[in-house]
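Protein chains: 2
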Amino acid sequence: MEEISRMNIIEQLHIDFAKELSEVNKLILSNLECDEELIGEIGNYLVKSGGKRIRPLLTILSSKLFNYDGTAHINLAAATEFIHAATLLHDDVVDSSLLRRFKPTVNSLWGNQAAILVGDYLFSQAFRMMVSADSMESLRTLSNASATIARGEVTQLAHIKSRKFLTQEEYFQTIEAKTSELFASSCKVGAIVANAIDNEAESIYEYGKNVGLIFQIQDDLLDYFSNSSKMGKNIGDDFYEGKITLPIIELQKQASDNDKKIIESIFVVREERTEIELGLIIELLNKYNIQKEINLVVEDLAKKAQSNLDKISSKNTKIKSYLEELIQFASSRES
Amino acid sequence: MEEISRMNIIEQLHIDFAKELSEVNKLILSNLECDEELIGEIGNYLVKSGGKRIRPLLTILSSKLFNYDGTAHINLAAATEFIHAATLLHDDVVDSSLLRRFKPTVNSLWGNQAAILVGDYLFSQAFRMMVSADSMESLRTLSNASATIARGEVTQLAHIKSRKFLTQEEYFQTIEAKTSELFASSCKVGAIVANAIDNEAESIYEYGKNVGLIFQIQDDLLDYFSNSSKMGKNIGDDFYEGKITLPIIELQKQASDNDKKIIESIFVVREERTEIELGLIIELLNKYNIQKEINLVVEDLAKKAQSNLDKISSKNTKIKSYLEELIQFASSRES
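These protein sequence lines are chains V and B, in that order. If you use the numbering used here, the first sequence corresponds to residues 43 to 377, in order. If you use the numbering used here, the second sequence corresponds to residues 43 to 377, in order.
Incorrect hints may have been included.
Treat identical chains as interchangeable: a pair holds within one or across any two.
[Said to hold, decoys possible] The list that follows gives simulated cross-link-like pairs (lysine-lysine, DSBU-like), each with its CA atoms no further than 35 Å apart: (1) Lys-145 / Lys-285; (2) Lys-329 / Lys-346; (3) Lys-362 / Lys-203; (4) Lys-303 / Lys-94; (5) Lys-302 / Lys-94.
Worth flagging that the hints you see were computed from the coordinates, not collected in a lab.
If we strip away everything but chain V, and leave its shape as in the complex, we get:
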């Protein structure tokens, strides 16, 4: 039951905003048209690989929440998706990932060089689309966001290289930068083009930030409790890279002294991790009921996101309820 309703909100949005999304897609495709075949080829592969288009949807929803009726939100929505796509391309090179959304990654098919350079191209095109939207404030927001994302990715890399156990604070700083910031900014630029008043633009930004945190925390949990048939990527990707994510931080808090030593040895001492060790960690996550702990964190963030929405006086109750449902969707996602 739950899963059906969860699928429905994204599906529902794709139906209700079919016109806007089709314009976003058209703009995405036209920005991939290029006399350089390799860009077109890889771009089309990315577009066809799909994805939920959550960031463009956030921009569209936010602009509608503040009663926008112009067309600049389409450019900004497409720009957020391009920034996201560029980040994924580089991320997959950095992580040597082979699978994303059920499909081989660009780096695995065309090589790292192409993935790096096409990522740069998408990133540049994102800024060109923002310029077309002709909003300096949106450009400020999204250029800040992309600097923050890059900083977050560097921090994550530094953490992995330092091979130390992250604190919960360090974990949150990292995911705020690498994931939440773009969710938040996608919301904010919708508010900006709609000329929302400052504190309401700030509230929708905070809403996006909290939804982004929930999204990333669930993603990190799914690395241990999903399978690639639902998730579209391999289970244990984070684990094998030695990424310290919230489930592991919570586990380390709850574990007995003996189990703590095992966990530390697997994540901090070892250079590489095995499938058997992954099984062991999953066993420990179950033993200490870490999913429940994570759910508490997520519930808390969901409440915050709701209170961010409550601060916005918009009369547009339909849009508001979509944004509320998105909190639920993020909180209970299984893929």
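Fit chain B to the known structure of chain V by using the hints.
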């Protein structure tokens, strides 16, 4: 003698525009300040590695040519350097280069992952600086430029992978995109902030384009006729990658049927190239006096650059003569 005068124009500019360049450097450093140590570390390494700062100088000179007396040109000058630095970081990963400007590359010291992500950070910061300059037209120009650079890099990669012999036209298209466009745009944004009239902004853009072409052609020639003590990078880098550059295209035009076969076999048939083959190619380049052919191409471009300048009615003869000297500097650079 020639070398002394060549050094002098860049040195002269570094003296005459010391105040502006020091502001550009300050801005660069402040945009590298970051709570993420790795970014600061790599950023400082890049700044200390120096470079001629040609692009910021072009922005400054161009703004002065059109009598600009504001401060926005500093942001734009720093932005062009950041775009350039980001491009170099990714370029060196893509080419697996180990040496640049006499120093080990970032990828060789910190690894590809760090070079990719810090490149993304610099790129994002470039856009933040442009937003600070508050000129939508400059943002349009530089976002177009970075898309064009990325496209040029992809084209170059596609050419290398296709292992076909480039035509002169394909070569020029590639270097126009990957090098000239940023020279041209660095000039143009100087004209834009100075409110130059459209056709003069276009002329300084074309000037930059031609200087950029000369610069890249000389760079490609230096890959065969320099040594790393002058050039700061390894001789034969392009050769070992199998890059078809103008010297090789000209050589193939001039060569006897028998020599043509040898050249084609080395560049197109072989997967890898040896030091002996590099020696052979240099011998052939000498045999057919290819340096002279290249000089003719360069002279022609220098004339075009001069005529671009001649179209600008600026009374600022000192700045104009600097820009003229830069044409000569690019035309006869040895490093």
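Practice prompt. Tell me, in ascending order, the numbers of any earlier hints that this structure violates.
Written response: 3, 4, 5
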